[in-house]
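According to full-length UniProt numbering, the sequence shown holds residues 1 to 489 in order.
Check each hint, because a few of them may be wrong.
Each computed BS3-like pair below joins lysine-lysine, with the alpha-carbon atoms no more than 30 angstroms apart [to be verified]:
1. K227 to K253
2. K43 to K272
3. K253 to K55
4. K462 to K473
5. K129 to K103
Bear in mind the hints are in silico, worked out from the structure with no lab data behind them.
As the structure is a computational prediction, the values presented were derived from the model and not from experiment.
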Amino acid sequence: MFSSTLRLYGHASTTRRQSYARSLRLMSSSRNFHPMIKNFASKLQQPKFTIPPNKIQIMSRPTEFYSHLLHMVHRAETRIFISSLYLGSSETELVSSFADALKRRPQLQIHMLFDLNRSTRPGPHSTVKLLAPLVAQYPDRVHVSFFRSPSLRGILAKFVPPRFNEGWGTWHAKIYGVDDEVMISGANLNKSYFTDRQDRYLHFTGNSQLAQYCFDFIDTVSGFSFKLQLPSSHSEYDISWPMPDIHPHHIHKTAELALASLQNRYRQLTAKNSDAENITLFPLIQAGQFNIRDEETALKMLFQHLDTNAARPLVDLTSGYFGLYKEYQDLVLQSTNVDCRIVAASPLANGFYGSRGISGRIPEGYTYLEQRFMNAVKRAGRQATVQLSEWEREGWTYHAKGIWLSETSSQPPMLTLFGSTNLNSRSAHIDTELSFMMLVPESSGTEPLRRQLADEVDNLRKHSSPWKGADRKVRLGTKALVGLVGGML
Numbered sequence: 001m002f003s004s005t006l007r008l009y010g011h012a013s014t015t016r017r018q019s020y021a022r023s024l025r026l027m028s029s030s031r032n033f034h035p036m037i038k039n040f041a042s043k044l045q046q047p048k049f050t051i052p053p054n055k056i057q058i059m060s061r062p063t064e065f066y067s068h069l070l071h072m073v074h075r076a077e078t079r080i081f082i083s084s085l086y087l088g089s090s091e092t093e094l095v096s097s098f099a100d101a102l103k104r105r106p107q108l109q110i111h112m113l114f115d116l117n118r119s120t121r122p123g124p125h126s127t128v129k130l131l132a133p134l135v136a137q138y139p140d141r142v143h144v145s146f147f148r149s150p151s152l153r154g155i156l157a158k159f160v161p162p163r164f165n166e167g168w169g170t171w172h173a174k175i176y177g178v179d180d181e182v183m184i185s186g187a188n189l190n191k192s193y194f195t196d197r198q199d200r201y202l203h204f205t206g207n208s209q210l211a212q213y214c215f216d217f218i219d220t221v222s223g224f225s226f227k228l229q230l231p232s233s234h235s236e237y238d239i240s241w242p243m244p245d246i247h248p249h250h251i252h253k254t255a256e257l258a259l260a261s262l263q264n265r266y267r268q269l270t271a272k273n274s275d276a277e278n279i280t281l282f283p284l285i286q287a288g289q290f291n292i293r294d295e296e297t298a299l300k301m302l303f304q305h306l307d308t309n310a311a312r313p314l315v316d317l318t319s320g321y322f323g324l325y326k327e328y329q330d331l332v333l334q335s336t337n338v339d340c341r342i343v344a345a346s347p348l349a350n351g352f353y354g355s356r357g358i359s360g361r362i363p364e365g366y367t368y369l370e371q372r373f374m375n376a377v378k379r380a381g382r383q384a385t386v387q388l389s390e391w392e393r394e395g396w397t398y399h400a401k402g403i404w405l406s407e408t409s410s411q412p413p414m415l416t417l418f419g420s421t422n423l424n425s426r427s428a429h430i431d432t433e434l435s436f437m438m439l440v441p442e443s444s445g446t447e448p449l450r451r452q453l454a455d456e457v458d459n460l461r462k463h464s465s466p467w468k469g470a471d472r473k474v475r476l477g478t479k480a481l482v483g484l485v486g487g488m489l
């Protein structure tokens with residue numbers, strides 16, 4: 001049919017025929033998505049990257065994540081680019097792997113971006129102290145930047161203690177890339193994330209443009225972040241601010257313009273990317289303090305679209321820190337045509353369980369947020385269609401986050417959201433996040449990938465049980481703490 005249609009235009013110019021062929025390919029790609037998401041896909045305005053399904057690997061275990069990361073570093077030839085909240089104090093093996101890679105490949109460059117407040121906590125082995133010797137040895141090849149949220153400023157910036165200054169926002173994007181391959185996760189670079197802290201891990205090859213986008217995303221934010229410099233003779237490390245004309249507390253407009261420009265540039269570069277047999281990735285930046293809300297816009301559009309479908313879809317949603325953003329709560333509760341299964345960490349699986357001081361109340365604070373959410377479910381009359389479960393596995397903590405969309409509970413997902421977002425108020429307003437929405441077309445070639453996504457959901461739900469938070473006691477002081485921080489635990 002395709003070739004017959006082209007023959008009707010036999011007298012048209014070559015350019016015109018090629019243009020028409022491209023249009024048909026775009027139509028074909030749109031048709032190949034499930035009817036439930038076809039129109040939604042056509043409305044997304046973010047950049048888009050198409051990748052063959054056999055170039056995507058979904059891992060399920062922290063040990064796989066770490067092993068994969070080490071192998072990526074080992075085979076890196078020209079560049080390593082990493083974004084994470086921090087590098088753990090015990091990760092000397094990973095730092096050594098960076099040093100070995102630099103020795104093997106004289107042309108190799110390393111670019112890293114972390115959160116300043118988390119990376120400079122007092123102690124003998126902070127992120128900045130671990131990486132300073134590497135910068136000292138390879139000052140022209142190792143580039144380390146530290147983002148600082150501008151929301152903490154004024155007198156508070158001087159007096160808020162190190163363990164609490166992250167309450168005003170962090171750099172939260174998780175990207176692990178070498179050359180033209182990239183792994184997207186919600187995991188940080190710390191021992192627990194490599195052993196017994198459950199997260200999600202998706203590895204992509206086969207699209208150099210996607211890897212370049214991730215590299216450029218890191219490079220863009222590094223432009224308004226602190227730099228790790230050669231240490232002076234009187235210090236273990238030095239950091240400097242690269243923009244003398246702009247105070248680090250006042251980068252809001254600079255950051256907004258830079259991130260918007262990145263998205264606009266790649267939207268133009270990828271506008272023609274389309275392949276009916278390949279999956280499509282849309283990068284979603286959520287940086288509320290800089291007025292960039294791609295994730296929020298996309299999820300609102302998705303739920304509104306699903307609620308008007310003739311069929312009744314299933315949304316699986318998970319977050320290790322379940323304080324679902326109010327707008328997302330409303331989407332779940334008001335989308336009466338959508339069933340929703342939610343998995344959250346039990347108090348024992350919360351990373352703050354057993355912490356000293358105020359942070360030890362955080363698991364209890366999340367119980368309180370869950371109680372409020374489930375009361376809202378009851379008021380909305382959605383008890384039968386909105387289900388909350390809690391994840392618990394002896395000796396493990398839970399950090400997975402994301403969304404999966406399926407036609408029914410017996411069908412594998414056709415869409416997933418993955419990356420750094422916790423889908424909570426912090427992620428929406430004060431942390432800076434990068435996530436991806438992956439849409440999988442209907443074809444025999446994508447069935448193995450869809451089964452992998454189904455297995456991913458099943459593996460997370462395997463350690464889940466019905467929510468027990470309704471019977472848990474929440475102290476008055478914890479309720480006051482939640483009220484004080486506005487749910488941004």
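Against the structure, the hints:
Of the supplied pair hints, the one linking K227 and K253 holds, its CA atoms being roughly 20 angstroms apart against a limit of 30 angstroms. A distance of roughly 14 angstroms separates the Cα atoms of K43 and K272; the hinted pair therefore holds under the 30 angstroms criterion. For the given pair, K253 sits about 37 angstroms from K55 by alpha-carbon distance, which is inconsistent with the 30 angstroms threshold. Note on K462 and K473: the hinted pairing holds, with a Cα-Cα distance of about 26 angstroms set against a maximum of 30 angstroms.
At roughly 21 angstroms between alpha-carbon atoms, K129 and K103 fall within 30 angstroms of each other, so this suggested pair holds.
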